[in-house]
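Trainee: Read off the chains here:
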Amino acid sequence: MSQPDGGDGDVWDQRVAAGLAFLRRRLTGQYEIDEFGFDRELTEHVFYPALRALYRNWFRAEVFGVENLPLDGAGLVVANHSGTIAVDAVVLAAILHDHHPAHRHLRLLGADLVFRLPVISELARKSGGTLACQADTERLLRGGELVGVFPEGFKGVGKRYRDRYKLQRFGRGGFVSAALTAGAPIVPVAIVGAEEIYPMLADITPLARLLRLPYFPVTPAFPWLGPLGAVPLPSKWLIEFCPPIPTAHLTDRADDPIVVLNLADQVREVIQQTLHRLLARRPGPFTR
Amino acid sequence: MSAERQPNAPLSVLVTGASRYLGAHVASRLAVDPRFGRVVGLDSFDPPPELAALLESVELVRAEPGAMLDAIADIDPQVLVHLAIATTPDPHRGGRAGMKEQNIVGTMQVLAAGQRVAGLRKLVVRSSTAAYGASFRDPAVFTEDTEPRETPRGGFARDVLDIEGYVRGFRRRRPDAVVTVLRLAPLIGATADTTLTRYLAQPVIPTVFGRDPRLQFLHVDDALEVLHRAVTEDHDGTFNVAGPGVLTLSQAVRRAGRIPAPIVEPALSAAAELAGPLSVTRYGLDQVDLLVHGRVVDVTKLAKEFGFVPRSTAEAFDDFVRAHADGEVINGFQLAVAEQVILAGIRRLRATLREPS
Numbered sequence: 015m016s017q018p019d020g021g022d023g024d025v026w027d028q029r030v031a032a033g034l035a036f037l038r039r040r041l042t043g044q045y046e047i048d049e050f051g052f053d054r055e056l057t058e059h060v061f062y063p064a065l066r067a068l069y070r071n072w073f074r075a076e077v078f079g080v081e082n083l084p085l086d087g088a089g090l091v092v093a094n095h096s097g098t099i100a101v102d103a104v105v106l107a108a109i110l111h112d113h114h115p116a117h118r119h120l121r122l123l124g125a126d127l128v129f130r131l132p133v134i135s136e137l138a139r140k141s142g143g144t145l146a147c148q149a150d151t152e153r154l155l156r157g158g159e160l161v162g163v164f165p166e167g168f169k170g171v172g173k174r175y176r177d178r179y180k181l182q183r184f185g186r187g188g189f190v191s192a193a194l195t196a197g198a199p200i201v202p203v204a205i206v207g208a209e210e211i212y213p214m215l216a217d218i219t220p221l222a223r224l225l226r227l228p229y230f231p232v233t234p235a236f237p238w239l240g241p242l243g244a245v246p247l248p249s250k251w252l253i254e255f256c257p258p259i260p261t262a263h264l265t266d267r268a269d270d271p272i273v274v275l276n277l278a279d280q281v282r283e284v285i286q287q288t289l290h291r292l293l294a295r296r297p298g299p300f301t302r
Numbered sequence: 036m037s038a039e040r041q042p043n044a045p046l047s048v049l050v051t052g053a054s055r056y057l058g059a060h061v062a063s064r065l066a067v068d069p070r071f072g073r074v075v076g077l078d079s080f081d082p083p084p085e086l087a088a089l090l091e092s093v094e095l096v097r098a099e100p101g102a103m104l105d106a107i108a109d110i111d112p113q114v115l116v117h118l119a120i121a122t123t124p125d126p127h128r129g130g131r132a133g134m135k136e137q138n139i140v141g142t143m144q145v146l147a148a149g150q151r152v153a154g155l156r157k158l159v160v161r162s163s164t165a166a167y168g169a170s171f172r173d174p175a176v177f178t179e180d181t182e183p184r185e186t187p188r189g190g191f192a193r194d195v196l197d198i199e200g201y202v203r204g205f206r207r208r209r210p211d212a213v214v215t216v217l218r219l220a221p222l223i224g225a226t227a228d229t230t231l232t233r234y235l236a237q238p239v240i241p242t243v244f245g246r247d248p249r250l251q252f253l254h255v256d257d258a259l260e261v262l263h264r265a266v267t268e269d270h271d272g273t274f275n276v277a278g279p280g281v282l283t284l285s286q287a288v289r290r291a292g293r294i295p296a297p298i299v300e301p302a303l304s305a306a307a308e309l310a311g312p313l314s315v316t317r318y319g320l321d322q323v324d325l326l327v328h329g330r331v332v333d334v335t336k337l338a339k340e341f342g343f344v345p346r347s348t349a350e351a352f353d354d355f356v357r358a359h360a361d362g363e364v365i366n367g368f369q370l371a372v373a374e375q376v377i378l379a380g381i382r383r384l385r386a387t388l389r390e391p392s
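These protein sequences, in sequence, are chains L and R.
End of the first sequence sits at 302 in our numbering; the numbers just go up one at a time, nothing left out.
End of the second sequence sits at 392 in our numbering; the numbers just go up one at a time, nothing left out.
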């Protein structure tokens, strides 16, 4: 049937050859990164496969409304944030890449804490993330990228389990002015499931201060079970991309606080309502 | 004197820092340009022998730092090119104290003297992308109007901020003069010899654990081209000058076939702080900051205004790698051969296993 020395039909031979070529390119530095430090090859061949296994088999994620994402050109994807550790952000990026017809990359915006930490900062940059600041957001949008932002920030990821699915404040709506400046559509996203992966029962504030962290979580498993506490609970995830909100007609209103705050409220309202609808559809947090 | 000059008469140029690589090359190229009359190289040191031949056609004036004011007034230049800026402490030139003296006091004197030259119509200053400082809250890409968020720790970076401050003062006092500030990225290429090129030429390269900074380089020939254009054409303003594109440090280390040796950041900073005053090595906090934060700038303004784009960071780095192949530990060709050998081995093994026994 297939030739032992590399015939067209020999899948394993192609895989071995591709794997070796990948290793050689990595070892000789023959790959490209963009000015933000995004390493497309590493992201597609290493990060996404790991996240794919996580969201398919562990979280059993279901995805709706992918047709609401722009096929090409700039867009601002705004989602709720939860889960003590920001797993929802990286999972959203992998899901968007896998489900989008053009397999687009979501360029995540992270807090400065992310870029302060060694190793984490480099993983964030290599997977396409950058600092959540006006300059970087506008630069990415001007370059026609899909940008992912979580306006709740640490207020969202660090909230208690009893406050789950209650959207926190959206701050001063910096993400809205960036979208308005670029005339990029805003796509609200609701993520259900991330709240239950590390249910945070309490926050040891003095310890957080000591470690200069925004909070120090206590979950049913952490810190009691040590490293085992880092295993996320297998909650059922539902993700819905909502219809885009166009902003092209508002480009000259980017510094108008009324327009910005109203639009931020509108996005928040859409996400909150979609969260309620998705929750009603999910029988329980840990169903199949 | 200057009032008598014809409008089309060749301009007289003064290049400071003529005993350094950039200064010597810029001055020698201007000396053979028919658009310029007198080309004077000014420095407080004699040029090293390897640059002496280059400077044959340049009129050299040696002045101690204290005598710069009078020397410049005597030369009465119409174009002042200030390149006497030290990027790292040189033990032969007074270490960090000498570097600061040259960068700060030297610049103050050159600008004060230039301000008093009535016929001066242009000032070109060599600055550095270190002007953006280094902070975790920095945007990924610096444009010319980005303000530094924190005062940098490195001596050179702080000097650069001061120098640019003095240039802003000069611009206010001499609004009639064209002022060009060129923020150069770290220089690289086959001939470049800087702290960073020496660092990258080592077979084993110490890196900061958990950090993979994004770096940008400027080919030294492109730096000279931009400096020459800044003198021969009028480009008022501040410009980033760097090779487009980015290499991470790990990528650069691999492309050069070197071995990285990660060290935790506090240890590296402490070593740099200890080594600085002792002049044990030339690695200082400037280098540590670059290795933690990296530095990437936007060169759109340069391309638009100068009509010139330096060769890319990757190309400039390739030129450096070719010239320093002797320090290579892992060779791309060897890896390609190894890949083929392993692939052939796996194919043979699978063919043997598949053969009917």
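Please keep in mind that the hints were generated in silico from the structure rather than gathered at the bench.
There's no promise every hint is true.
Chain R stretches covered by chain L per the calculated footprint, using a threshold of three residues with CB under 8 Å from any CB of chain L [said to hold, decoys possible]:
1. 99–106
2. 194–203
3. 219–229
4. 284–290
5. 374–388
Here are the computed distance ranges between Cβ atoms for each label pair [stated by the list, open to error]:
6. Leu388/R with Val60/L: 27 to 37 Å
7. Val60/L with Glu363/R: 41 to 51 Å
8. Glu390/R with His117/L: 36 to 46 Å
9. Val376/R with Leu131/L: 37 to 47 Å
10. Arg385/R with Leu224/L: 51 to 61 Å
11. Glu363/R with Trp26/L: 53 to 63 Å
12. Val60/L with Gln237/R: 39 to 49 Å
13. Gln148/L with Glu91/R: 34 to 44 Å
14. Gln286/L with Arg385/R: 34 to 44 Å
15. Leu224/L with Ala360/R: 47 to 57 Å
16. Asp125/R with Leu242/L: 47 to 57 Å
17. Arg66/L with Asp180/R: 39 to 49 Å
18. Leu131/L with Arg128/R: 34 to 44 Å
Sample of chain L residues at the chain R side, in silico, Cβ under 8 Å [claimed, not checked]:
19. Ala31
20. Ala32
21. Arg38
22. Leu41
23. Ile47
24. Phe50
25. Glu55
26. Thr57
27. Glu58
28. Val77
29. Glu81
30. Ala125
31. Arg130
32. Pro132
33. Thr144
34. Pro199
Even glycine gets a Cβ: it sits at the ideal position worked out from N, Cα and C.
Trainee: Are any of the numbered hints broken by this structure? If so, which, sorted upward?
Mentor: 1, 2, 3, 7, 11, 12, 13, 14, 20, 25, 26, 27, 28, 29, 30, 34
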